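Turn these sequences into a full structure, and let the hints guide you.
Residues per chain, in single letters:
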Amino acid sequence: MRDDRGVSMALGYVLGLSIAFLLVAGLFVAGGNFVQEQRETGVRTEMAVISEQIASDIESADRLAQATDNGTSVVQRSLPSRISGSSYTINVKGGSNPRLVLRTRDPAVTVTAQFSNTTAVTPTETPGGPIQVTYAGGKLVLERRDQ
Amino acid sequence: MADLSGDNRHLSGERSRGQVMLIAGFVLAVSFLAVAVMLNAVIYSENLATRGEDARGSEAIAYKADIVDGSGQLLEYANDNETTFVDRTAAFNRTLRSMYNDTARIQAVGGIATDLSVRSVSEGTRVAQQDPTRNFTNATGSEQWVVTEDTAGTRAFQISVTDQSALANSAGNAFTVTVSNGTDDWAVSIYGNSTNTTVAVNGSGACTVGPTPSIDVTGGSINGKTCEPLVFASGVAGDYDIKFEEADAIVGTVSLVANTTDYNPDNYDSSSPRVASVMYSATLSLRHESADHVYATDVRVAPGETDA
Numbered sequence: 032m033r034d035d036r037g038v039s040m041a042l043g044y045v046l047g048l049s050i051a052f053l054l055v056a057g058l059f060v061a062g063g064n065f066v067q068e069q070r071e072t073g074v075r076t077e078m079a080v081i082s083e084q085i086a087s088d089i090e091s092a093d094r095l096a097q098a099t100d101n102g103t104s105v106v107q108r109s110l111p112s113r114i115s116g117s118s119y120t121i122n123v124k125g126g127s128n129p130r131l132v133l134r135t136r137d138p139a140v141t142v143t144a145q146f147s148n149t150t151a152v153t154p155t156e157t158p159g160g161p162i163q164v165t166y167a168g169g170k171l172v173l174e175r176r177d178q
Numbered sequence: 014m015a016d017l018s019g020d021n022r023h024l025s026g027e028r029s030r031g032q033v034m035l036i037a038g039f040v041l042a043v044s045f046l047a048v049a050v051m052l053n054a055v056i057y058s059e060n061l062a063t064r065g066e067d068a069r070g071s072e073a074i075a076y077k078a079d080i081v082d083g084s085g086q087l088l089e090y091a092n093d094n095e096t097t098f099v100d101r102t103a104a105f106n107r108t109l110r111s112m113y114n115d116t117a118r119i120q121a122v123g124g125i126a127t128d129l130s131v132r133s134v135s136e137g138t139r140v141a142q143q144d145p146t147r148n149f150t151n152a153t154g155s156e157q158w159v160v161t162e163d164t165a166g167t168r169a170f171q172i173s174v175t176d177q178s179a180l181a182n183s184a185g186n187a188f189t190v191t192v193s194n195g196t197d198d199w200a201v202s203i204y205g206n207s208t209n210t211t212v213a214v215n216g217s218g219a220c221t222v223g224p225t226p227s228i229d230v231t232g233g234s235i236n237g238k239t240c241e242p243l244v245f246a247s248g249v250a251g252d253y254d255i256k257f258e259e260a261d262a263i264v265g266t267v268s269l270v271a272n273t274t275d276y277n278p279d280n281y282d283s284s285s286p287r288v289a290s291v292m293y294s295a296t297l298s299l300r301h302e303s304a305d306h307v308y309a310t311d312v313r314v315a316p317g318e319t320d321a
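Chains as they are written, first to last, in the working numbering: chain A, 32 to 178; chain B, 14 to 321.
Honestly, the hints are just simulated from the structure, not real lab data. Be a bit skeptical, because a hint or two may be false.
[Claimed, not checked] Listed below are several chain A residues computed to face chain B (Cβ distance under 8 Å; list not exhaustive): (1) Val55; (2) Leu58; (3) Gly62; (4) Asn64; (5) Glu71; (6) Gly73; (7) Val80; (8) Glu83; (9) Leu95; (10) Asn101; (11) Gly102; (12) Thr103; (13) Val106; (14) Ser117; (15) Thr120; (16) Arg130.
Every value quoted in this text rests on a predicted model; they were computed, and no experiment measured them. Note that beta-carbon positions come from the ideal geometry of N, C-alpha and C, so glycine has one too.
Here it is as structure tokens:
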């Protein structure tokens, strides 16, 4: 006598498959979340580095502008135009609390970096990529550079 | 019980079971690989964060400072070794060109393009009394006289006392340099006894040093040490006249370069004190450029000038 007597073949398959799918779905959800979390952490870390680099460029351009008499100064930097596959924007906020705000949409991450300046900075918003900080008309302007 | 491992009940199932697990495994493996690639990018940008300033802005500023120092010396060299303003300017242009050619090569090795040119040279007057046994009176022996008139700036104003006994004992009849624009005055007096010399700035204190000092009036130092009250022409705005008073109460040498061509030629002769038309300052245009930065500016070269 077989021990699966009275149990249909079909039921056995359905049970087996559903257990397998539950297991696989669980793995996908856990693995997907892990990947997404890592990606967000990675994006945040990269943006923190990039924002500090831009801040140092602005400060460097500020120093050059302060040491310029009837001249020009330009500081350029090649930055990646995508961070972990998503594009980002660089928002320069001048005024009394000068800072940089870098933002990606997917995953939605916002990173802020402070800088200090003596020369006034024009508030701008540019897509990330190769950038330059130009001193023109008594103000520093961060803009995207054509390559 | 469902059978995921496969047994020998079905001949066809022997090799075709477990595909779901296999495919799931592949998908997860690929997503973990993506994480590895992404982490690699993160590591790279964190590595970038440890690097210093890439744009070499500090090099540009150092280059500017070097050019100002070097061309200042060339300007003084040309002033000292040529006889007319035109010759001095020509010599300055020529030596600056050869200095630039040498520095440009060194900069080019580091991937930096430079450019340097002279925009303008301003004519000034050098007054010098270089006989260490003579006092500071003018050519006709007058002890009160105007050295230069309508002076826009003064640099490299050096007084060296060689005979301590010639100095007055008190401020009342001491040798005094007066700077006046008609409304505001600034004055410094030099007097002393056999052991001390006092350099007194009218209204802002005095410095006392040993006998026979060397005084850098525009640099604000005595024997190389800073004298805080000594800030040349402080509080005198605009163009001014420089006057010597009680000029017989000092023996030594004096020289200054004034940013003016106005003076009374009767005060000077071919020996002492002498006057010469020299370069007061030069304005240069320089450019320092690499792949990451462009820095262009005008610089003014006036060695020994404070801001007066």
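Hint check:
no.: 1; hint: Val55; verdict: holds, 4 Å
no.: 2; hint: Leu58; verdict: holds, 6 Å
no.: 3; hint: Gly62; verdict: holds, 5 Å
no.: 4; hint: Asn64; verdict: violated, 11 Å
no.: 5; hint: Glu71; verdict: violated, 10 Å
no.: 6; hint: Gly73; verdict: holds, 4 Å
no.: 7; hint: Val80; verdict: holds, 4 Å
no.: 8; hint: Glu83; verdict: holds, 7 Å
no.: 9; hint: Leu95; verdict: holds, 5 Å
no.: 10; hint: Asn101; verdict: holds, 4 Å
no.: 11; hint: Gly102; verdict: holds, 3 Å
no.: 12; hint: Thr103; verdict: holds, 5 Å
no.: 13; hint: Val106; verdict: holds, 4 Å
no.: 14; hint: Ser117; verdict: violated, 11 Å
no.: 15; hint: Thr120; verdict: violated, 17 Å
no.: 16; hint: Arg130; verdict: violated, 18 Å
When held up to the earlier numbered hints, the structure conflicts with 4, 5, 14, 15 and 16 and fits the remainder.
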